[in-house]
Amino acid sequence: MADRVATGDSLRRRVRNQLEPARARDGVSWLNRFLIGVILASVLVALLETEASVAAGREHLFRAAELVFAAVFTVEYGVRFWTAAEAGGWRARFRWMISPAAILDLVAILPAIFVAVAAPSYILRLARLLRILRVAKLGRFSRAWNLVAEAIASRRYELLLTFYGAVFIMIISATLLYIAEGQVQPEKFGSIPRALWWSVVTLTTIGYGDVYPETLLGRVFAAMTAVFGIGLIAAPTGILAAAFSDALQKQRDEKAGLDED
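Sequential numbering of the sequence shown, starting at 153, is according to the working numbering.
Note that these hints are calculated values from the structure, not bench results.
Since we're looking at a predicted model, the values are computed, not measured.
Quick reminder that beta carbons are idealized off the backbone N, C-alpha and C, glycines included.
Keep in mind that a hint or two might mislead.
[Stated by the list, open to error] Listed below are the simulated DMTMM-like cross-link pairs for lysine to aspartate or glutamate, each with C-alpha atoms no more than 25 Å apart in a straight line:
1. Lys340 / Glu366
2. Lys402 / Glu172
3. Lys402 / Glu302
4. Lys340 / Asp362
5. Lys402 / Glu339
[As the list claims (entries may be wrong)] Simulated restraints on C-beta separations:
6. Ala244 / Phe214: 31 to 39 Å
7. Ile382 / Ile188: 35 to 43 Å
8. Leu213 / Ile385: 42 to 50 Å
9. Leu400 / Ile323: 35 to 43 Å
10. Arg164 / Ala208: 42 to 50 Å
11. Arg164 / Ala193: 38 to 46 Å
12. Met376 / Thr202: 39 to 47 Å
13. Phe214 / Leu290: 15 to 23 Å
14. Gln335 / Leu290: 49 to 57 Å
15. Thr367 / Tyr309: 34 to 42 Å
Could you put together the complete structure from these sequences and hints?
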């Protein structure tokens, strides 16, 4: 009996080593390569299905493909649930179930359920969105994503500060344009919420050109908003660049420490 338990634990450990990229010693495991291929294939099929010229007459093929993908993701979810106990029994399994990665795994299964029950059209459109979101599952297979998450987390307060600054500038800018242009262009600047569209487009340096001030005072305010927009875009870029540099240096130091050991 003890030998069977030991054998089961050993099998579970080996499977978990195959599933978890952080445990891989020599690149991505064969199992993760297979899962990456399935994810990419499912996203590609979801994209092609939205093209009427491709999907017409092939609805049964797309439906079958979706069921196959869902079956693979369901098995993956079950196996990950089984191997999660390796970190500490049922409590570890529960912690895994409420983790973002596990929730994303569960979301990847939902589209097939919608398809199988012949849900209303708006639910099927939601299912298509969920299929596209499967590409986010690739994040767990790349250590680069962990680096990105670490860099953003380390500078979250600075990034939040720039976000608050952007909201403040947008509201002030929209208010000034409402004062300067509200009487001249009431359909575009007749209220602060209407003027906010122009403010957002200008501050993000997109500049569609569909809405623009006509009065001298409005153009002065617009010029000031455009200048602030350049600085606003540069601020988070610099913050993230510094964060990535620090994260990369930390990774190099950790690797150097492991090599020395």
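Quick rundown of the hints versus the structure:
With a C-alpha separation of about 11 Å, the suggested pairing of Lys340 with Glu366 holds against the 25 Å cut-off. A C-alpha spacing of about 22 Å is found between Lys402 and Glu172, which places the hinted pair at or below 25 Å, so the restraint holds. Distance hint between Lys402 and Glu302 is fulfilled; the C-alpha atoms sit about 11 Å from each other, no more than 25 Å. Taken as a hint, the Lys340 and Asp362 pair is honoured in the structure, with Cα atoms around 10 Å apart against an allowance of 25 Å.
For the hint pairing Lys402 with Glu339, the CA-to-CA distance comes to about 53 Å; that exceeds 25 Å, so the pair is violated. Checked against the hint of 31 to 39 Å, the pair Ala244 and Phe214 passes, with Cβ atoms roughly 37 Å apart. As the Cβ distance of Ile382 to Ile188 is approximately 39 Å, the hint placing it in 35 to 43 Å holds. For Leu213 and Ile385, the hinted distance range of 42 to 50 Å is satisfied, since their beta carbons lie about 45 Å from each other.
Range check, Leu400 to Ile323: Cβ separation about 37 Å, and the 35 to 43 Å hint holds. Checked against the given bound of 42 to 50 Å, the beta carbons of Arg164 and Ala208, roughly 46 Å apart, stay inside it. Evaluation of the 38 to 46 Å hint for Arg164 and Ala193 yields a failure: the beta carbon distance comes to about 28 Å. Roughly 42 Å separates the CB atoms of Met376 and Thr202, a value that falls within the hinted 39 to 47 Å.
For Phe214 paired with Leu290, a C-beta distance near 22 Å keeps the hint of 15 to 23 Å intact. Between Gln335 and Leu290, the C-beta spacing of about 52 Å keeps the proposed range 49 to 57 Å intact. Distance hint check: the CB atoms of Thr367 and Tyr309 are about 39 Å apart, consistent with the given range 34 to 42 Å.
Hints 5 and 11 from the earlier list are contradicted by this structure; the remaining hints agree with it.
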